[in-house]
Amino acid sequence: MSGLRVERAGPLATLQDAGRFGVRRLGATQGGPADLHGWAWSNHLLGNPWNTPALEVVLGNLTMVVEQDAMLAIAGADLDAHLEGTPLQPGSAFLAKEGQRLTFQSPINGIRAYLAVAGGFVAEPVLGSVACVMRDGLGGHDGFGRSLDDGARLLFTDSCAVASGGKHEQPAAERIDYRQPVSLAMVPGAQIADFTGVSLYRAFNNEWRVDDRADRMGVRLAGDVLRCQVASMISEGIALGAVQVPPDGQPIVLLNDRQTIGGYPRLGTLTPLACSRLAQCQPGQTVRLRATALSQAQQSYRAFRQQFSV
Amino acid sequence: MTSIAGISRVALGEVGIRSCDDGSGHRQYRLARHADGDDPVTLPRLENAGIDAWLVRLFETIDETNMPWLTALCRECEAAFGSALIDLVPSYTTVLIHYDPLQYDASEAKDCLLNVLNRLVPDEQAAETSFKEVPVWYDESVGPELTRLASVSGLERDDVIAIHQARDYRVFALGFAPGYAFMGRLDERLVVPRLTTPRQRVPAGSVAVAERQTAAYPSLSPGGWNLIGRTPVTLFDRHRDGFSLLQVGDRVRFVAIDRDTFVELGGDVRPVTETRTAEGA
Chain W
28 MSGLRVERAG
38 PLATLQDAGR
48 FGVRRLGATQ
58 GGPADLHGWA
68 WSNHLLGNPW
78 NTPALEVVLG
88 NLTMVVEQDA
98 MLAIAGADLD
108 AHLEGTPLQP
118 GSAFLAKEGQ
128 RLTFQSPING
138 IRAYLAVAGG
148 FVAEPVLGSV
158 ACVMRDGLGG
168 HDGFGRSLDD
178 GARLLFTDSC
188 AVASGGKHEQ
198 PAAERIDYRQ
208 PVSLAMVPGA
218 QIADFTGVSL
228 YRAFNNEWRV
238 DDRADRMGVR
248 LAGDVLRCQV
258 ASMISEGIAL
268 GAVQVPPDGQ
278 PIVLLNDRQT
288 IGGYPRLGTL
298 TPLACSRLAQ
308 CQPGQTVRLR
318 ATALSQAQQS
328 YRAFRQQFSV
Chain E
8 MTSIAGISRV
18 ALGEVGIRSC
28 DDGSGHRQYR
38 LARHADGDDP
48 VTLPRLENAG
58 IDAWLVRLFE
68 TIDETNMPWL
78 TALCRECEAA
88 FGSALIDLVP
98 SYTTVLIHYD
108 PLQYDASEAK
118 DCLLNVLNRL
128 VPDEQAAETS
138 FKEVPVWYDE
148 SVGPELTRLA
158 SVSGLERDDV
168 IAIHQARDYR
178 VFALGFAPGY
188 AFMGRLDERL
198 VVPRLTTPRQ
208 RVPAGSVAVA
218 ERQTAAYPSL
228 SPGGWNLIGR
238 TPVTLFDRHR
248 DGFSLLQVGD
258 RVRFVAIDRD
268 TFVELGGDVR
278 PVTETRTAEG
288 A
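The listed protein sequences correspond, in order, to chains W and E. Residues are numbered in the numbering used here as their position in the first sequence, beginning at 1, plus a constant of 27. Residues are numbered in the numbering used here as their position in the second sequence, beginning at 1, plus a constant of 7.
Be careful, since some hints might not be right.
Here are the in silico distance ranges between beta carbons for each label pair [claimed, not checked]:
1) Ser322(W) with Glu85(E): 19 to 27 angstroms
2) Met260(W) with Asp244(E): 29 to 37 angstroms
3) Trp77(W) with Thr154(E): 24 to 32 angstroms
4) Ser148(E) with Arg206(W): 49 to 57 angstroms
5) Gly192(W) with Gly273(E): 51 to 59 angstroms
From the structure, some residues in chain W lie toward chain E, with a derived Cβ separation under 7 angstroms [what the hints assert, rightly or not]:
6) Phe48
7) Arg51
8) Glu151
9) Val153
10) Met161
11) Gly268
12) Gln271
13) Gln286
14) Thr287
15) Ile288
16) Leu321
17) Arg332
If you're looking for bench data, these hints aren't it; they were derived computationally from the structure. Beta carbons are placed, not taken as given, at the ideal position from N, Cα and C, and that holds for glycine.
Please model the complete structure; the sequences and the hints are all you need to start from.
Written as structure tokens, this is what we have:
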């Protein structure tokens with residue numbers, strides 16, 4: 028089998044399926060794409076089913092050599108991707124020929140690009156998933172939770188040259204300009220009443236700056252200090268998108284590689300698509316939080332998933 | 008379970024759960040303890056955790072006797088949700104239930120949980136069968152804080168070791184890293200805070216204590232707990248059925264072994280090189 032060979036590894040590129048589920052009670056976190064929206068589109072452009080492994084490329088600076096003709100697709104951030112010198116549009120599928128060079132250079136719009144191949148990348152599932160979680164040492168192209176390094180290889184299936192009836196272009200309405208200001212939908216949580224009135228006003232009315240302490244575990248938001256009557260709690264399971272507020276009063280949105288349990292009070296939980304959107308923000312960008320009704324948030328998520336059902 | 012005047016009380020030592028009929032046919036469980044003289048806190052409580060998760064809060068305080076309820080709740084949720092269950096996280100006093108929002112809407116998931124809670128009984132029997140012995144080589148070379156514990160507690164080193172093994176612990180939660188089990192409660196005489204400066208590299212198998220808990224590190228990782236020994240057993244193995252040796256709700260006993268036995272069992276005798284002074288003491 029052959030596929031892509033890494034000539035120069037960027038800061039962070041990891042293989043991700045939808046995530047590792049059913050083992051969180053063992054302390055193994057879920058992983059999966061930080062931007063579910065971009066990941067799902069990269070696969071859908073090729074007709075790949077949900078859960079097909081695709082590559083999450085953060086910031087770029089990655090060069091790979093194509094070892095075998097294959098249908099590929101990119102979605103999510105615009106990292107100034109090129110195939111043998113020709114610019115590639117995010118949200119499109121293309122044929123890559125043996126010997127060509129595929130590069131992701133630097134962020135133009137968003138920070139996480141997704142690269143999919145028809146039939147998916149081949150990797151051995153670990154604890155039921157190929158999702159690469161570096162802090163757990165699980166999954167990824169090598170099974171041990173490592174990001175791509177120089178010389179690493181990503182393998183294709185035999186059907187890699189044939190896209191099976193997917194859309195070959197992402198509709199304009201589904202493309203996101205990640206540079207625009209955004210309000211992130213959050214379902215209020217159980218401790219929301221423990222925050223002071225002033226803090227609640229601030230939380231939903233003031234802007235939050237995406238801090239440079241942001242990774243696949245979580246994104247710290249900087250702004251006015253939020254005060255909660257509860258300083259800490261007995262550790263409990265934390266959902267994706269939980270907006271926890273440690274004693275310094277600066278919220279942290281917990282993402283895919285978060286610890287499975289934790290004990291800070293939470294304002295609520297961002298919707299999966301709000302997490303996706305936040306994961307594409309550059310440090311320094313501003314965001315707002317907006318409360319959303321549970322039923323409405325669930326409906327939007329179902330509508331999002333409906334697009335990818337075959 | 009006994010029933011007195013329509014109220015059945017499930018005795019669980021200090022923390023009890025009372026179940027009573029509220030007239031609507033729905034039974035409610037109440038913690039038999041009041042929080043700071045306020046109104047009694049109604050438990051269990053369902054708390055929203057986003058579009059695809061509910062947190063069930065069963066208890067307000069940490070106690071070994073919580074665990075048979077939490078493991079029973081996990082098992083019953085698996086049966087009730089079936090393929091709509093994505094994941095479960097039991098932890099000390101709560102269980103996070105992550106369900107498939109394409110199969111259940113939030114109110115359906117809530118109803119399903121209320122049904123499960125209405126007929127929940129603790130999992131005493133299963134807890135008795137999940138008993139694990141963990142061999143430990145207690146030694147300063149692999150457990151540099153043995154000395155710290157002795158000096159803080161005013162006990163002899165050998166007494167520290169004896170006290171650590173003297174009781175069975177219950178696994179409250181797994182977290183921090185795959186297979187890392189938070190166990191308690193530790194004897195009050197051995198209570199010491201975490202190290203002020205965590206180690207960058209705690210070797211796999213290190214047995215540690217902090218506050219009223221004890222744990223063993225499944226793999227090389229950073230860590231701020233006080234190291235007192237090392238186990239030769241593999242705590243987390245991706246090829247083993249169930250992956251983690253220790254599971255939430257397990258009863259665990261540490262058993263002292265000598266250096267030779269430790270080596271025979273495959274233990275790594277290389278000492279902890281990264282020393283820490285007793286800054287937090």
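Provide an ascending list of the numbers of those earlier hints which the structure does not satisfy. 3, 8, 10, 12
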